[in-house]
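> Letter by letter, the chains look like this.
Protein chains: 2
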Amino acid sequence: MKIHTWNTLTEQQQTQLLQRPELQSQEDLRAKTAEIIAEVRARGDTALKDYTVQFDHVQLDDLTVSPQAFAVADDVSEDARAAMQLAIRQIEAVHQAQMPQELSVEATPGVKCVRQTRPIARVGLYVPGGSAPLISTLMMLAVPAKIAGCPLRVLCTPPNKDGQIDAHILAAAQLCGIDKIFKIGGAQAVAAMAYGTATIPKVDKIFGPGNAWVTQAKILVAQDPQGASYDLPAGPSEVLVIADETANAEFVALDLLSQAEHDVAAQVILLTTSMLLGQQICGTIERQLAKLPRRKIIEQSLAHSRLLVVDDIATAIAISNRYAPEHLIMQVAEAEQHMAAIHYAGTVFLGSMAAEVLGDYVTGSNHVLPTYGFARVSGGLALTDFLKFISFQSMTAEGLQAIGPAAEKLAEIEGLHAHQQAVSVRLKDLKKGEK
Amino acid sequence: MKIHTWNTLTEQQQTQLLQRPELQSQEDLRAKTAEIIAEVRARGDTALKDYTVQFDHVQLDDLTVSPQAFAVADDVSEDARAAMQLAIRQIEAVHQAQMPQELSVEATPGVKCVRQTRPIARVGLYVPGGSAPLISTLMMLAVPAKIAGCPLRVLCTPPNKDGQIDAHILAAAQLCGIDKIFKIGGAQAVAAMAYGTATIPKVDKIFGPGNAWVTQAKILVAQDPQGASYDLPAGPSEVLVIADETANAEFVALDLLSQAEHDVAAQVILLTTSMLLGQQICGTIERQLAKLPRRKIIEQSLAHSRLLVVDDIATAIAISNRYAPEHLIMQVAEAEQHMAAIHYAGTVFLGSMAAEVLGDYVTGSNHVLPTYGFARVSGGLALTDFLKFISFQSMTAEGLQAIGPAAEKLAEIEGLHAHQQAVSVRLKDLKKGEK
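Heads up: the protein sequence lines correspond to chains A and B, in order.
Using our numbering, read the first sequence as starting at 1 and increasing by one per residue.
Using our numbering, read the second sequence as starting at 1 and increasing by one per residue.
By construction, these hints were calculated from the structure, which means they are not laboratory data.
Treat the numbers as computed from the prediction; the structure is a model and nothing was measured.
Hints may contain errors.
Each pair may be met inside one copy or between any two copies, as identical chains are not told apart.
Straight-line C-alpha distance at most 16 Å; calculated EDC-like pairs for lysine to aspartate or glutamate [stated by the list, open to error]:
1) 428 - 250
2) 32 - 75
3) 161 - 179
4) 428 - 245
5) 180 - 56
6) 428 - 299
7) 428 - 75
8) 180 - 62
9) 32 - 45
10) 2 - 334
11) 202 - 56
12) 2 - 299
13) 32 - 434
14) 428 - 263
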């Protein structure tokens, strides 16, 4: 692994090193995904079963996880169940604190603006398949949906080669109060939830990460007012670590490796003030790598990693703000002192004990986070993503008299005469009443 | 205007009456908008000037509103200026109250999750052109952007046939602290703000309503990670009025007319428990219509309006929740008592004095609202749309010992060994320290 020194690079080299890997061509993906969506809309459950044969290589008679199938959840070990329960309690605590209070503003007497929240009525949760059951993702979606009070919560996840759903997923779903689970994955699952089929209920908003197909399908169904909205665009996972000479090389190396093992497209960046630490980290990565089962994935991912030596922590934070990483790890002395300088990152881990992995699973902070620079404009998944605001406006005669004339004037400037009249008739009516 | 009685209709007729007007074909629009965006990216300011000739019929030497051009803002009458100042004070009060508090949760001792907010660094505000200056839209965008503390705030609005921007727009911009104004409209303005040109600075997120081109351009640039995000999808404006026998027919008629005068595609729906009131409202609309300058627009819009007699207010609210209107007007006795039953609407006006027009201009509630059923999943524009959340996670040794083992277990279930190791090495290090 090559270590670059930031202040010896040209501006062009700097920009290039902070570039993210190219994503799959949108146009090609878009056409294929649109076709899957059209098929699901036209042929419903039959199309879903056909795609499950094609992509998941299994023939399903029933897309639904039956109440009997849930029985295997009982096989999950006590240890595993306890770990899930701890995670759920933490996620509950963090998200419950995000519940918005009712706001009421009366800036002018008699002119009252109240803001309340309502749960989104029907939500669809997507948990990707893969080599292992992503129970953490399930909990990160299902717990806030439950706290928000969304009345209909539907879960889609692809079946394994035996046409089953992993017992851990079923156990986690039960612990999170989800009882509607369907064995479908990919763009077809998104299409089914956006439009509904005979088996799958239609939802208003779809949550959860996925591959490029799932993401593209979420974008497409969101453009159709008859479709469904979505949470946030998902891209390859990424971490940026800022480490000073006080950092533990082994801790940093494993934080970088944790990120790299997610996906060949995952991106890891290290910014350090110490060339020596940088070299130690490289050494530790190479030693650890030999022992890790996902070595092949990690090697591909590390091929586009970046190791940079910077002059000071302020420079490192400026680079991080520019990159806007999904995860930022601050392995520096007195990490809390730098919080105010950090502007753009999904989530930030402060200090040597705060392994990113703890945030993936058990701190309670949501691990569905903005990738690919999207942290410039958005935070991670939050309780409010499962809620909607509604504003109420009420007015007394006193209020109308105070602000009505300004509304008449503004309507006049905008050339909207019915607008003006709607206020004028009310003001006149009040005058009449006074006589 | 035809009055239907809800409970005499078949389910199919009911569904059909609540259907929104069809939108322009997406595919055609998409290709043309993509071409405009590509041209602006390739040829920058030159393309912007060419499109301004083509669409706004004016040749501009400079796209920027010069400091000297701002002088005409002084010509705005004292009345107009006072009305704007009142509106701005109200918008400030309502949006300032939306400033999120810092959250700090420590559900397990030593495991701390803190949520802070940051302003989005660069925001682009779009104010559409048209027959009159939309100063209210400008204030609804610029005031929250200022309160949020967004450091760069750029405004684009199309020039009039003399290549100028209306003095009221310039005055409103000054009052809202906007000094970067560019004379461009349409999809080309969106493209310019998303990617930047020699003259127009690149922004991170674009706000403001617009026609189908503007909306399509916002959707397209948001799909490109190099582009910019946007606020919420804009469709034709719409109002649903629920009125009982206590309602004033003239007030309701003018509320419906106000909505209808926006746009030929605007949709107005009346649900009333009183056939007599419905007939009075029809009569008033016909009388008023003759006097209104925007009569032609209103007539086209009213052609797809709906007047329905319902059995009771509960039925009316159920219909409204199903339709999810942008604006809901409750012209009923004791309107406040129905708040809890109202689930899906952008904003709700309660009682006879609360003309929707007051919300358009001066209550302070934001008038950029979810249209076309989007109120099922989203509220109106809010201060948080100009902010982003960032979460900080910190951990003591005690915290790590309490939750670390659960993280190890969950990583094991998910088959992520580097994840497991990242926690294990820290736990081991703590044990070593204890000896």
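> Now, for every hint given, state plainly whether the structure supports it.
Verification of the hints:
Taking the shortest Cα distances, residue 428 and residue 250 sit within 16 Å of each other only across copies (12 Å), while inside one copy they are farther apart (77 Å). For a Cα distance limit of 16 Å, the shortest separation of residue 32 from residue 75 qualifies neither inside one copy, at 40 Å, nor across copies, at 57 Å. In this assembly of identical chains, the alpha carbons of residue 161 and residue 179 never lie at most 16 Å apart, being 22 Å within a copy and 61 Å across copies at closest. For the identical chains of this complex, residue 428 and residue 245 are neighbours neither inside a copy (75 Å) nor across copies (21 Å), given an alpha-carbon limit of 16 Å.
Taking CA atoms no more than 16 Å apart as the test, residue 180 paired with residue 56 passes in neither setting, with 20 Å inside one copy and 53 Å between copies. In the homo-oligomer, the alpha carbons of residue 428 and residue 299 never lie at most 16 Å apart, since the shortest distance is 77 Å inside one protomer and 26 Å across protomers. Proximity of residue 428 to residue 75 under the C-alpha cut-off of 16 Å is found in neither arrangement, the shortest distances being 74 Å within a copy and 30 Å between copies. Taking identical chains as interchangeable, the C-alpha atoms of residue 180 and residue 62 lie at most 16 Å apart only when both belong to the same chain, with a minimum of 13 Å there against 59 Å between chains.
For the homomeric pair residue 32 and residue 45, neither the shortest alpha-carbon distance inside one copy (19 Å) nor that between copies (35 Å) is at most 16 Å. In this homomeric assembly, residue 2 and residue 334 never come within 16 Å of each other (Cα to Cα): the closest approach is 28 Å inside a single copy and 72 Å across copies. Within a single copy, residue 202 and residue 56 get their C-alpha atoms no closer than 23 Å, and across copies no closer than 43 Å, so neither meets the 16 Å cut-off. In this assembly of identical chains, residue 2 and residue 299 lie within 16 Å of each other by CA distance solely inside one copy; the values are 14 Å within and 70 Å between copies.
Taking the closest pair of Cα atoms, residue 32 and residue 434 never come within 16 Å of each other, the shortest separation being 68 Å inside a single copy and 58 Å across copies. In the homo-oligomer, the alpha carbons of residue 428 and residue 263 never lie at most 16 Å apart, since the shortest distance is 68 Å inside one protomer and 27 Å across protomers.
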